[in-house]
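Peer 1: Fit chain B to the known structure of chain A by using the hints.
Number of protein chains: 2
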Amino acid sequence: MSPTNPVLSHHISSQFNEDLQDVHTKFMTMGGLVEQQVANAIHALLDTNASLAIDVQFQDNTVNQYEREIDEGLTLILVRRHPAASDLRMVIAMSKANTDLERIGDEAAKIARIAQDLCDEGESPRGYMETRHIGNQVRVMIHDALDAFARVDAEQALRVLLADADIDREYQSAMRTLMTYMIEDPRHISRVLNVMWVLRALERIGDHARNISEQVIYMAKGFDVRHTSVEEIEEKVQGHPH
Amino acid sequence: MSPTNPVLSHHISSQFNEDLQDVHTKFMTMGGLVEQQVANAIHALLDTNASLAIDVQFQDNTVNQYEREIDEGLTLILVRRHPAASDLRMVIAMSKANTDLERIGDEAAKIARIAQDLCDEGESPRGYMETRHIGNQVRVMIHDALDAFARVDAEQALRVLLADADIDREYQSAMRTLMTYMIEDPRHISRVLNVMWVLRALERIGDHARNISEQVIYMAKGFDVRHTSVEEIEEKVQGHPH
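Read top to bottom, the protein sequences are chains A and B. Reading the first sequence from the start, the letters are residues 1 to 242 in the UniProt record's numbering. Reading the second sequence from the start, the letters are residues 1 to 242 in the UniProt record's numbering.
The following block holds chain A by itself, in its conformation from the complex (with noise of 0.2 angstroms):
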């Protein structure tokens, strides 16, 4: 726990403030888990190597676990504490949060499930630039939401939504160059596809990761910014001082 988290740091000796810091703890460690998922689905896939496909597979257990403990974790602070103000915020933006890491950790098993087939077909597809770019700026994106949620960040936050709006344009780049590939190659369809969804994959844990850092702002300032554009956000989180 950080000591600079200025939503617990103000009541830090009660046993209320012990409750809500474990499931803090366990989410943030359940995040770094995520985050580890996904950078090595990425280098199961870019190294063709198998074995940590399958091993990022079989973790995909231990984040479901993850998500069932802290989902409990907040209920019993629910119906034990009656948390109000900054405190029920942080309940609503975890539990809202924690759903998005188990979603992190579901597309990365996916990619790790590609990944393994690509190995058994034993060669490279066409793609993989695209692929290890924008595979690169969604784990800093997942790093930094992350980050913003353990320090209740609303500035970083709202880095995080504009960094979202840069991949979904690499990736419609990215899928533009790989119907090229398809056209021209027609014989190598069923590969491109496979790298098709990995990029896809990588586009919605992007959507993820915005959906946390939009937890933040709410959990930081108490405005719900789903569905808000990144210019109003901005002038909401710059124009009321935390």
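Note that these hints are calculated values from the structure, not bench results. Predicted model, so just to flag it, every value in this text is computed and none were measured. A few of these clues could be false.
Unchecked claim - One side only, chain A facing chain B, incomplete, derived with CB under 8 angstroms:
| hint | residue |
| --- | --- |
| 1 | 62 |
| 2 | 64 |
| 3 | 226 |
| 4 | 230 |
Ideal placement from N, C-alpha and C gives every residue a C-beta, glycine not left out.
Peer 2: Leaving out everything else, chain B in the frame of chain A:
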């Protein structure tokens, strides 16, 4: 509000119940809208109806507005009423299922966007039979999941989980067929890809209907059945009478 709802009827006269009922009504209204959005998106695609496709994309804003309002309502209930036991389970289930409904709306809007593109191109691609077939199954799933939610009916929710396994199989088979079309006639790669994106969106809608059904089982029985095999869930639901 159905008078048969067992969770709501046991404290029919309290202010708390009125608040919960208001949010529940809104949730069911949102569910009906989302169900219609999916139906319209599929119609827009199959009948190349561009104005309907545009309407679905526009209506997504209404779905998003419901999502915010439902979460606001649930937060107020938590702050003011400190629900416990089955009431708290209903609040948590609605909070989770609300996210799934909104994502179904997103997928419907994606299908509608593809429908609009295909209308502009003015020609029907192959794969329509598959889309119609899986589309109908998914519509039934959403309907049944929402019906199970309204009646807190774990048995019906279980049937939705079984249907989702069917859809996943049909989806895999349809994707293989579409890949064959691509390889046979590479000139139509881009349009067959569009049909693939539609099928993937439908498959995801099925996943969200399954998630909603898992929340129904949580609400009815208190079990977290996420990441559990259908056989195990069946045993839990049928082995533990309400």
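Peer 1: Minimum Cβ distance from residue 226(A) to chain B below 8 angstroms?
Peer 2: holds (7 angstroms)
Peer 1: Mind checking the CB of residue 62(A) against every CB in chain B and telling me if the closest is under 8 angstroms?
Peer 2: Check failed: Cβ of residue 62(A) comes no nearer than 11 angstroms to chain B, outside 8 angstroms.
Peer 1: Is the shortest C-beta separation between residue 64(A) and chain B less than 8 angstroms?
Peer 2: Holds, because the Cβ-Cβ distance from residue 64(A) to chain B comes to roughly 4 angstroms (cut-off 8 angstroms).
Peer 1: With chain B as the partner, please determine if residue 230(A) meets the hint condition of a C-beta pair closer than 8 angstroms.
Peer 2: Given a least distance of 16 angstroms, the restraint on residue 230(A) is violated.
The structure fails hints 1 and 4 (numbered hints given earlier, in ascending order).
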